[in-house]
Amino acid sequence: MHDQLAKITAREEAEAQKFDHTLKVCVAASCLSSQSDQVVAALKEQIEAQELPATCQAKGVGCLGLCSRGPLVAVSHREQAAETLYEQITPDHAPSLVEAAAAGRIVADLVCPTDTPFFQRQTKIVLENSGAIDPERIEEYVAADGYQGLLKAVTEMAPAQVIDEILRSGLRGRGGGGYPTGLKWTTVAKADANQTKYVICNADEGDPGAFMDRSVLESDPHRILEGMTIAGYAIGASKGYIYVRGEYPLAVERLKKAINQARRLGVLGSGICGTTFNFQIEIRLGAGAFVCGEETALIASIEGKRGTPRPRPPYPAELGLWGEPTLINNVETFANVPPIIRRGGDWYAAIGTDKSRGTKVFALAGTIANTGLIEVPMGIPLREIIDEIGGGIPGGRPVKAVQTGGPSGGCIPAAYLDTPVDYESLVNLGSIMGSGGMIVMDESTNMVDVARYFMEFCMTESCGKCVPCRVGTVQMYHLLDKIHRGKATRKDLVLLEKLCQMVRETSLCGLGQTAPNPVNSTLRYFRQEYLDLLTDDPVENPSEVPA
Amino acid sequence: MLANPKQLDPPTDDIRWRFVQAAMRRNGFRRSALIETLHAVQEAFGCLDEDALRYVATSLSVPLSQVYGVSTFYHLFSLKPAGRHTCVICTGTACYIKGGPQLLETVRNAFDIKPGETTADGQLSLLTARCVGACGLAPVAVFDGEVLGNLTTEKTLESLANWSQNDA
Chain A
1 MHDQLAKITA
11 REEAEAQKFD
21 HTLKVCVAAS
31 CLSSQSDQVV
41 AALKEQIEAQ
51 ELPATCQAKG
61 VGCLGLCSRG
71 PLVAVSHREQ
81 AAETLYEQIT
91 PDHAPSLVEA
101 AAAGRIVADL
111 VCPTDTPFFQ
121 RQTKIVLENS
131 GAIDPERIEE
141 YVAADGYQGL
151 LKAVTEMAPA
161 QVIDEILRSG
171 LRGRGGGGYP
181 TGLKWTTVAK
191 ADANQTKYVI
201 CNADEGDPGA
211 FMDRSVLESD
221 PHRILEGMTI
231 AGYAIGASKG
241 YIYVRGEYPL
251 AVERLKKAIN
261 QARRLGVLGS
271 GICGTTFNFQ
281 IEIRLGAGAF
291 VCGEETALIA
301 SIEGKRGTPR
311 PRPPYPAELG
321 LWGEPTLINN
331 VETFANVPPI
341 IRRGGDWYAA
351 IGTDKSRGTK
361 VFALAGTIAN
371 TGLIEVPMGI
381 PLREIIDEIG
391 GGIPGGRPVK
401 AVQTGGPSGG
411 CIPAAYLDTP
421 VDYESLVNLG
431 SIMGSGGMIV
441 MDESTNMVDV
451 ARYFMEFCMT
461 ESCGKCVPCR
471 VGTVQMYHLL
481 DKIHRGKATR
491 KDLVLLEKLC
501 QMVRETSLCG
511 LGQTAPNPVN
521 STLRYFRQEY
531 LDLLTDDPVE
541 NPSEVPA
Chain B
1 MLANPKQLDP
11 PTDDIRWRFV
21 QAAMRRNGFR
31 RSALIETLHA
41 VQEAFGCLDE
51 DALRYVATSL
61 SVPLSQVYGV
71 STFYHLFSLK
81 PAGRHTCVIC
91 TGTACYIKGG
101 PQLLETVRNA
111 FDIKPGETTA
121 DGQLSLLTAR
131 CVGACGLAPV
141 AVFDGEVLGN
151 LTTEKTLESL
161 ANWSQNDA
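Same order as they appear, the protein sequences are chains A and B.
Residue 1 is where the first sequence starts when you use this note's numbering, and the numbers rise one by one after that.
Residue 1 is where the second sequence starts when you use this note's numbering, and the numbers rise one by one after that.
I should point out that these hints are in silico values taken from the structure, not numbers from a laboratory.
Please note that a few of the clues may not be correct.
Said to hold, decoys possible - Once the Cα atoms are required to be at most 27 Å apart in a straight line, the calculated DSS-like pairs of lysine-lysine come out as: (1) A:K59 - A:K18; (2) A:K124 - A:K190; (3) A:K465 - A:K498; (4) B:K114 - A:K487; (5) A:K305 - B:K80; (6) A:K239 - A:K257; (7) B:K114 - A:K482; (8) A:K465 - A:K305; (9) A:K59 - A:K152; (10) A:K487 - A:K465; (11) A:K465 - B:K80; (12) A:K124 - A:K152.
It should be emphasised that the depicted structure is a prediction, and the values quoted were computed from it without experimental measurement.
Start from the sequences and build out the full structure, keeping to the hints where you can.
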């Protein structure tokens, strides 16, 4: 297998050497919805038309990061390391782009500057291949050190050594909870060896405003397959499932293609890398239920049932899919595994902070200049993400709050922007790391409205199994709506706070337990906005709001 | 995991049932293949009608109540046929603070339908989505599977008007 991977790498390198100029077009979801596929076609056509097929090539690659300026095209030349990035390219730009690329010139008025903090301040591990390789060709993944981690794991390491490496890396679950990945692996590995075990990749990215997992799946699907296969080897499983949102057809299509390619190469299926280790991966489609991101609900859904959670313990690590020990990790967690095995746990542990190691991918959105995908070391201050990487709010207006963690998270006010981004610091602020959605809001956003929005979300997405969540979210929504409409009294606010506590403490699963978070955090930092909307209390509300 | 090796005859001789049968066969007629099978039915027929639910229930040996329960639990499954065109407005957080609700209001008023409904002439279904994952382009809507970003109310109405013109 080693020779085979080396051969593919050599062939790919030779192939790349044939072309003097390469035009890489982002074909991930965001750019694709700005018709970047037509840009690829137009560029290819132009290369033919200008009789340059021997020296120029155009190809589709994964996410280039700065989604708001898409479609993006990166042009590289053989003898230069630096790439030129072009923004908002349409098929009409193809003739001039191809002509300039072939002549080694730059089309100045289309250039997207890359010397900005958005590009300079990032540390890419999970996204190292995004925007560099064609996600639909396994050869390019292999040439970028792909499947080297798996090869090393299955041929040179015992399963326990693989788990040790993950433990040493300090990697924690990237789905939001932050449970140490190595510990989870250890628990499942310790389960009875005679039992069938399963590996599940949670790709049911349901938080509104989060699109990291989607981008990884679409830009670098083999990375997930490799991570899952290494996990399977480490815990002694031979079957894995990827549970993908039904809303992500492109990710599903690319995963399917990747699974077939990996099987053919012998890095997935029976006798992986010439050893006796077998591992199969199947895709399971979600059907639009937010609660299925909860692990026990996700398992029910894979079993073909309604996605309702069940009480834990027993945790899936003991009693999971079909009642067998099951390892569930999020997409980004698995994406971190191959580089950790390849380069060692110590290398990974050197990045980030003491308790939160490595990097985290964030989806920056909302009222911010640079929307898109970023990967930064843990511990970076929020301010650096918002003001420098994100470029601040257009027009230089001040930030009011940053929302992290989706409907389970909270709003962090501008005063706390110097907080380092790690699991514990965000929890202390009343929010959570979450899966990585980061929504920036300016003064025009009303916080009561935001809280109401998230409560409406939780209300509709509540599965209905336990009463506190099913009934509580509806009541909280109506109270928030009443406050927002300026019809509520001081009593309603007291009731709302009581309900928040009750729902948090008595709900069955994470959806209900965290549903009050957006309310609690906005009450904590923006209480005055609530008080301003109340109608009855002249002491706390001197400027009467007309009902 | 009971396997049911017997393949039952579909309710009609519509050729699209073969697609559904293929999906069930691929999964060995296992009960756990219920959601996969319903996806296949929806893809082939556009919705899950009573005939389809009964057929899937019998073929996979799953109680009809469970099939109905699953079909109504998940948002992507629809028991009613969709209109000729679908317009999905994203209601994710980024779209919400950048004007998604106004888009929804515009379409609602222009066609007098609520989310989840279809116009009386069967031309347009209005749906909402919980974030289509294109937050960089917010606000976003999906017209017949094509994602359009940075929308304004004018642009949305224009796109919808183009449909009626093309169909005429």
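Taking the hints in turn, this is what the structure says about them:
Between K59 of chain A and K18 of chain A the alpha-carbon distance is near 14 Å, which keeps this suggested pair within the 27 Å criterion. Our distance criterion of 27 Å between C-alpha atoms is broken by K124 of chain A and K190 of chain A, whose separation comes to about 33 Å. Our distance criterion of 27 Å between C-alpha atoms is met by K465 of chain A and K498 of chain A, whose separation comes to about 21 Å. Of the supplied pair hints, the one linking K114 of chain B and K487 of chain A holds, its CA atoms being roughly 26 Å apart against a limit of 27 Å.
Distance check on the hinted pair: K305 of chain A and K80 of chain B sit about 21 Å apart at the alpha-carbon level, within 27 Å; holds. Taking the CA atoms of K239 of chain A and K257 of chain A, the gap is near 18 Å; set against the 27 Å cutoff, the hint holds. Simply put, K114 of chain B and K482 of chain A have alpha-carbon atoms about 22 Å apart, close enough for the 27 Å limit, and the pair holds. With a C-alpha separation of about 14 Å, the suggested pairing of K465 of chain A with K305 of chain A holds against the 27 Å cut-off.
Using a Cα cut-off of 27 Å, the hinted pair K59 of chain A and K152 of chain A is violated, with the two alpha carbons roughly 31 Å apart. Between the alpha carbons of K487 of chain A and K465 of chain A the distance comes to roughly 31 Å, so the proposed pair goes past 27 Å and is violated. Distance restraint check for K465 of chain A and K80 of chain B: the Cα-Cα separation of roughly 25 Å lies within the 27 Å cut-off, and the hinted pair is therefore satisfied. Pair hint K124 of chain A plus K152 of chain A holds up; C-alpha atoms about 22 Å apart against a cutoff of 27 Å.
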